[in-house]
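K.L.:
Sequence:
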Amino acid sequence: MPRAKKSAPTTFLTVADLAERWMLAENTVRATLATGEIPVVRVGPHPDPRRRAIRVRLADVERHEAERSTDQ
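Residue numbers (this note's numbering): 4 to 75.
Hints may be right or wrong, so weigh each one.
As the list claims (entries may be wrong) - FRET-style restraints, in silico, Cβ to Cβ:
hint	residue 1	residue 2	range
1	His-49	Arg-6	33 to 41 Å
2	Arg-6	Ala-56	32 to 40 Å
3	Val-46	Ser-10	16 to 24 Å
4	Thr-13	Pro-52	15 to 23 Å
It should be emphasised that the hints constitute simulated quantities derived from the structure, not laboratory data.
Each residue gets a CB set at the ideal place from its N, CA and C atoms; glycine is no exception.
Given the sequences, and given the hints that come with them, work out the whole structure.
P.N.:
Here it is as structure tokens:
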């Protein structure tokens, strides 16, 4: 039986990572993510899903950056 291909691990960024990458305040990054233009993943055990920590896939960030650079 053939082996399944291994995919590369997914890299996630925090809001702080994005703030540093984009040279913006964390609140500005949160506002950008709230628009839904970039999908987010909420992680953690908090019972209220809206209060869980936010992570963003690096691939989604790179796609968003590429789209914005071609729009300008």
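K.L.:
With reference to the structure, classify each hint as holding or not holding.
P.N.:
Here is how each hint holds up against the structure:
The beta-carbon spacing between His-49 and Arg-6, approximately 38 Å, falls within the hinted interval of 33 to 41 Å. In this structure the hint that Arg-6 and Ala-56 lie 32 to 40 Å apart at CB holds, the actual value being about 35 Å. Judged by the Cβ atoms, the range 16 to 24 Å given for Val-46 and Ser-10 holds: they are separated by roughly 20 Å. A C-beta distance of roughly 20 Å is found between Thr-13 and Pro-52, which places it inside the suggested range of 15 to 23 Å.
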